[in-house]
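Q: Residue-level listing of the chains:
Number of protein chains: 4
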Amino acid sequence: METTTILLTCPDSKGIVASVTDFVYKNDGNILHADQHIDDKSKTLFMRIEFDPANFKIEKERIRNKFNEIAVLFDMNYSVKFSSEIQNVAIFAGKEEHCLFDILLKQKAGELKCNIPLIISNHPDMENIAKFFGCKYFVIEKTPENKISQEVKERELLRKFKIDTIVLAKYMQILSKNFIESYPDRIINVHHSFLPAFKGAKPYLQAYEAGVKLIGATAHYVTEELDNGSIIEQEVVRVSHKDTLSDFIEKGKNVEKIVLARALKAHLENKILVYGNKTVVFD
Amino acid sequence: METTTILLTCPDSKGIVASVTDFVYKNDGNILHADQHIDDKSKTLFMRIEFDPANFKIEKERIRNKFNEIAVLFDMNYSVKFSSEIQNVAIFAGKEEHCLFDILLKQKAGELKCNIPLIISNHPDMENIAKFFGCKYFVIEKTPENKISQEVKERELLRKFKIDTIVLAKYMQILSKNFIESYPDRIINVHHSFLPAFKGAKPYLQAYEAGVKLIGATAHYVTEELDNGSIIEQEVVRVSHKDTLSDFIEKGKNVEKIVLARALKAHLENKILVYGNKTVVFD
Amino acid sequence: METTTILLTCPDSKGIVASVTDFVYKNDGNILHADQHIDDKSKTLFMRIEFDPANFKIEKERIRNKFNEIAVLFDMNYSVKFSSEIQNVAIFAGKEEHCLFDILLKQKAGELKCNIPLIISNHPDMENIAKFFGCKYFVIEKTPENKISQEVKERELLRKFKIDTIVLAKYMQILSKNFIESYPDRIINVHHSFLPAFKGAKPYLQAYEAGVKLIGATAHYVTEELDNGSIIEQEVVRVSHKDTLSDFIEKGKNVEKIVLARALKAHLENKILVYGNKTVVFD
Amino acid sequence: METTTILLTCPDSKGIVASVTDFVYKNDGNILHADQHIDDKSKTLFMRIEFDPANFKIEKERIRNKFNEIAVLFDMNYSVKFSSEIQNVAIFAGKEEHCLFDILLKQKAGELKCNIPLIISNHPDMENIAKFFGCKYFVIEKTPENKISQEVKERELLRKFKIDTIVLAKYMQILSKNFIESYPDRIINVHHSFLPAFKGAKPYLQAYEAGVKLIGATAHYVTEELDNGSIIEQEVVRVSHKDTLSDFIEKGKNVEKIVLARALKAHLENKILVYGNKTVVFD
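Protein sequences appear in the order of chains A, B, C and D.
Numbering follows our numbering, in which position 236 of the first sequence is assigned residue number 236; successive positions increment by one, without gaps.
Numbering follows our numbering, in which position 67 of the second sequence is assigned residue number 1067; successive positions increment by one, without gaps.
Numbering follows our numbering, in which position 20 of the third sequence is assigned residue number 2020; successive positions increment by one, without gaps.
Numbering follows our numbering, in which position 92 of the fourth sequence is assigned residue number 3092; successive positions increment by one, without gaps.
The following block holds chain A by itself, in its conformation from the complex (with noise of 0.2 Å):
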């Protein structure tokens, strides 16, 4: 079934809730979902209503132009999503495969609903994968010296391929402040850790020094400040003394694939809004 999601967020007061799904109803729109979530302390309204637009009123490419005019009156931030319009990921793979194969599988199976054209990676190492999968694979070196360089060849592709959201999986090269900047809250990375603790390099080494009896992994939205993103989506496993270092990157492994793969989904479903560094994950 096609549906039609509007995601908004705005100052909260009266009369926002009512007037949004007023909108949909009068126009002949079944709602399937609405929710929305106040946060207290900065009186703001997050909301997401979609609705089944079988019989809709308004075409289409006009709904935006429409809603603009409730939009104005509450001073709205919102998008108007619709699900025939599949999103396009690229992936940015390192040199694990777990990540990048359990979205590809998911993506395959149906569970994330988008294309996934486009595979970058800084070494040639994945590209049966991409084969397999039938994802267009190019090999991208960066160096700290050539890395602006060789990102005005990613954002070549990313643009020649129409991509919408990138994912890292595990990428482990960091980028650039510009770079970033042009994909606000459209890039998603996996940190081997529960951040805000053991941000930056070897994770699970922090972990295993500290001596922590559970380890985790986030999912996050990519930042200028590295590993500081809003967090989506954050999941843990139990380790005891008996884990070695490797026992705790093995066992990291499964909860890095289930958070990525969750965060996501929530992302290409449009139910994330993000305030401040912080995310409101509708479910």
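I should point out that these hints are in silico values taken from the structure, not numbers from a laboratory.
There is no bait here: all hints are sound.
Result set (DSS-like, lysine-lysine): computed pairs, CA atoms no more than 27 Å apart in a straight line:
| no. | chain 1 | residue 1 | chain 2 | residue 2 |
| --- | --- | --- | --- | --- |
| 1 | C | Lys2251 | B | Lys1043 |
| 2 | D | Lys3136 | B | Lys1131 |
| 3 | A | Lys14 | B | Lys1014 |
| 4 | D | Lys3242 | A | Lys199 |
| 5 | B | Lys1251 | D | Lys3251 |
| 6 | C | Lys2147 | C | Lys2136 |
| 7 | B | Lys1278 | C | Lys2242 |
| 8 | B | Lys1131 | D | Lys3095 |
| 9 | A | Lys199 | D | Lys3278 |
Starting from the known structure of chain A, arrange chains B, C and D on it as the hints suggest.
A: Okay, now just chains B, C and D, sitting in the frame of chain A:
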């Protein structure tokens, strides 16, 4: 802050969400939460709307009447609840005190918003606990022979103390059909297994003998059929071959406490709707 | 590092642990792990000792003979395993690829120490996956009529490829009693429920209709009675009224993968002892 | 059943496990549990052996002396514990009662095998709880100025009541270096975060502002450096954008109780060995 909550269920059709939100909005209620769920199979809609009635134009006493105008249009079952009307809860206590204590402590701490005027038990063991928390304590010993007449006494007490909700805190006595039907979806039991596995007596022994690797507990509404009422909440904890039956029981206690308290909390906050043998638990 | 593992079970009595550790020590083996468990009910002892045989005085071929001298004293069932003897695993694959892929990937990553020379399936769909991972792929279609004769073909393949362990990766076919008895405690199945709840067909549908709040998966050894073999590992994931049957299936897949991989790993590392319908899984 | 437990740690070398098990066996002790762990990095061995001393040839008073003959050979740090020597525990209580209550209840239920003769607090609020459970209650108010002199009083009480272990049940006061060093690895604290994240004051607020999706609690031995002692146990619970800071605090309480009780239980059962900033927790 005082709030008003409308809980409703009806056959799904267009306009329900819009009508209900509009009802609140037009009468100057400020919507705090609005959740709905559609069961695709039965085409049933479930909705919960909670609003701040500070400036609500309709007087408290007349809200039900007024809302009824919408309700009849959509063939709704509904209830209107006021946060100021604190529920009275009776606890039926068995020989184990952990669930009893947990609920009393959480009520005292303000986590469970209710009054607990009354504890009924089969035996005198918990009297000093009742005293400590300032509850009346009644010993009503039941045998298969005197069950019906003893239930008469219990029902008198429930009426006298204006009890809205009954919590069976490891009570371990089976209530009569008649008794249960007088409190539909208002008696909450905790069963010490991950239902529907291990119904009936000695679920930990059953689990132990089945060699399971996780044990659980289930909070559910009580219906005539034993351990078969609509499930409200479940949780599990890991066990291994090292755990004896006593370890199962001990580990299970934490889980029992957690699911019972979560279920009661959702119930008291008017977040549960029952349909068939299932529950919608808004969060 | 190469290691040698002795797994044993026998009636509990004094001196077993001391005798076994002494056997290793006196022969210059360096004990790396020694775990034991006593089942109080049946007074049975289970023990696993793993040692570094670098300087072991007894030649590999003669260890069993030598250890037998202790074994007869205590009436032990035992096995001696060498980490250098990598097990050969056959996967029986059904129509869903997630468990198949997960095992192949973990084997490739070195997390599951085994060879996987052989994949058998009821249909040709997984052939390209087998090819990708360099495994032979055989389609052996089964009907109720030809089951026994087809199993003959399967058993020939299992012999030819010297298969030690069979993994049923959502195979969805019932093996004959005869077949199962040829591989006692060497066939691992994953059932997509939290056993013993929801045995048999369509467990997610059963769970959905029961209105449970957690769903699970179970890895177990296959015995003649369907879904009733000794449980090796279980895990659960939270669901709510919002989850459709499809969501149950999708969420369940991650859990199925995790329990099957954990069970196979423990099996390959000779950490499992079966007694009655239970398992000791040393960690 | 009475049991004897030897806990030891020493540089790893061949023969340790065999010598210790042989010591028990030759003297007619029946081994109930024997666990060991080798830290690969520091080449340190940790061992715990628990046996039934019913027919043990060495008298209780002489076991330490006798075992010392082995201990010197391997340069062991070791302790010999008798289950009949029940530990005396003092609870230092703050303003929140949930952890205090939970420990007192579990002690009463026999789940925590210890005496709790003494509760010390900064204020009089918990006196009736102490009374209910039959513990002495002392109010020792501390200010930055009188801390040292007040600790003198506390230490007198600890001596008078022969306290072995101190539990800080949300005590929220920082003990002096001197005090801490008098009870090495014998003071257990619960910190309401998933350490090392969110050390120090207001961890739930820190977590709330960081936008995490799981919150946790940590039980650890107290060392001079705040919230930095060896971690014994950790647990987490899921939160979402819907949870207010109050919800974080409320959900966190269950987790705090669970980790503190598990840590204390392992401590009382002599299952913990500390090395550096880590713990081995045998299970």
